[in-house]
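Asks: Here the protein sequences come in this chain order: P and S.
If you count the first sequence from 1, position 14 lands on 14 in UniProt numbering, and the numbers rise without skipping.
If you count the second sequence from 1, position 217 lands on 217 in UniProt numbering, and the numbers rise without skipping.
One should not assume that every hint holds.
The calculated label-pair distances, taken between Cβ atoms and stated as ranges, are [claimed, not checked]:
no., chain 1, residue 1, chain 2, residue 2, range
1, P, LYS163, S, ARG91, 20 to 26 Å
2, S, ARG86, P, ALA321, 34 to 40 Å
3, P, THR182, S, GLU83, 30 to 36 Å
In silico contact screen, one side only, chain S against chain P (beta carbon under 8 Å); selected entries [unchecked claim]:
no., residue
4, VAL7
5, TYR54
6, SER55
7, ARG77
8, ASN103
9, PRO104
10, LEU130
Calculated from the structure, these hints are not laboratory results.
Quick reminder that beta carbons are idealized off the backbone N, C-alpha and C, glycines included.
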Amino acid sequence: MALRAQTGPYFGDFGGRFVPESLVAALDQLGEAYDLAKLDPAFGAELAELGRSYTGRPSIITEVPRFASHAAGARIILKREDLNHTGSHKINNVLGQALLTKRIGKSRVIAETGAGQHGVATATAAALFGLECTVYMGEVDTERQALNVARMRLLGAEVVPVKAGSRTLKDAINEAMRDWVTNVATTNYIFGTVAGPHPFPEMVRDFQKVIGEEARAQVLELTGALPTVVAACVGGGSNAIGIFHAFLDDAEVGLYGFEAGGEGVDTERHAATITKGRPGVLHGARSYLLQDDDGQTIESHSISAGLDYPGVGPEHSWLAAIGRAEYRPVTDAAAMQALRLLTRTEGIIPAIESAHALAGAIELGRELGPDSTILVNLSGRGDKDMDTAATYFGLYDQEAGE
Amino acid sequence: MRTVAPVIARRNDEASGALIGYLPVGFPTFDESIEAAVAIVENGVDVLELGLPYSDPVMDGTVIQAATQQALAGGFRLADGFEAVRRITARVDAPVLIMTYWNPVVQYGVDRFADDLAAAGGAGLITPDLIPDEAADWIAASERTGLDRVFLAAPTSSDARLRLAVESSRGFVYTVSTMGITGARSDVDGAARTLVARLAEAGSPASCVGLGISTAAQVAEVLEYADGAIVGSALVKALAEGGVAAVGELAAELARGARRE
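Go ahead and model the full structure; you've got the sequences and the hints to work with.
Replies: This is the structure:
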């Protein structure tokens, strides 16, 4: 079977539905609605039209030779998901799930968010479709991504800072699941990544796979060949699966996911789930997980809120297990240097999340040499990260410059 | 092995049903959690539900979250759960079910967990985030060891899923009274009565109702139609605010709700 034909609930040994019974009916309803929508040309046409006239699809590709000169002269091509409306790839998935929300007749949506990009996208779709919207966000993240909190509130969403546990993305997911268990009759959970219980990993992937389908054709047109490798950052893994998926059965194309290495994978402060974790159950699916000997989830760390997650989507765990994709860590420091390098050489400010893929691309270029072509998913733009970057590089007037 | 079905049957003969009490291991300290568990049994709780603290308790409200986070911060280890079962069953006769999220069991090893729980004198497991569809390993391990396995039924469960819960459970079916998470509520949802009736039609030998029950009057009301009433957050709150004496007093008060009028 083609790797691209793999569907949930299981990806090899990974995936499934490890959820309270109270959620099973809602997951069944969502899965059935999605299965019908997949077969309905009208749903596909409506989503494609929203992509074209609202998101700005297809997103362009940009070759970045000045940046690539720091990667041993490999050709580096960026897939510009940062240019989407709302500033990242997250809108692709949200529009699909918002259309499904209308189909199943629910009037309220909830979402979790880390960096705030998925929350902003969900709040945007809620405004567009007239849905009530509540976004759960770890208190730590509401502080480091204050701009996105303001954006969500301006869009009419209620933003709930989550004070439990590590007060980051994993706790925001817990709180969103508690809300969903309580309000499932009226509420649809718009999940932001390819993790969680079935049908989310398959459905979110399907809404994101447009990234790779466009990019595969665009790179072929530009270079006359498929890329040597494809690089993407991996937190939960939605932008990575989105760009990988079209290439899964192109065996000659290497697929590389870059996890948040934080302060280093030999420290306790990282979010390199596949690199350092082992299989377990979190947030409704069996997948790789950062956990202690007792199965307690270990708090992750990344300078990037969007990658600061101790789990990963089950399809990535499967691709790692069968050797189709390789997952490597990139430290906070390497990501921040790559962020500044792309900004200074090409005038493109990437999100810190996406900067992990850029740092990975530099590493791959040095390994593969000047004859290689590296396709990088530039999954988001860096506007939201200005405070973090300004503090990191000492760009505010009252601080010493670097 | 002390299983729960005989106790629930006996309490439905001699009283209006069984009172099931939840407390987490390690809160406020390991030793006090043992004393509290013994105290609620001595004051009329028929079956103990002992919670293992977990980092990501998606079915729990703020009271139990706060208690289990404190237990984790205090150094709770999984092995403490077995030690707690050993100490409690040495002192009181009530069967002890462990309530645990699924990942700690997976990491410990499902068979090893079942063996160690049985050896400690435990009755079985309540698994809030494990549905029968994903439970083949646990069903096999509990068949082998004779442990009870309590799955959940929800107001939104289809008739087919209720039959699955009934066929997969042994001991009782945990009947979720309302759509939501743990925590005291002023009214126990009318959905519970309907769900218990649906479970009876699905062949359930015993259905115990949990979520939101905090007073003797609610216990009495639930036991009009259910085989057992499960109280959790109210006991944890009493323990947090008034210590072992207070949780014992609340258990005695709740037990009055289980007396036959």
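Asks: Tell me the hint numbers this structure goes against, listed in increasing order.
Replies: Numbers 1 and 4, in rising order.
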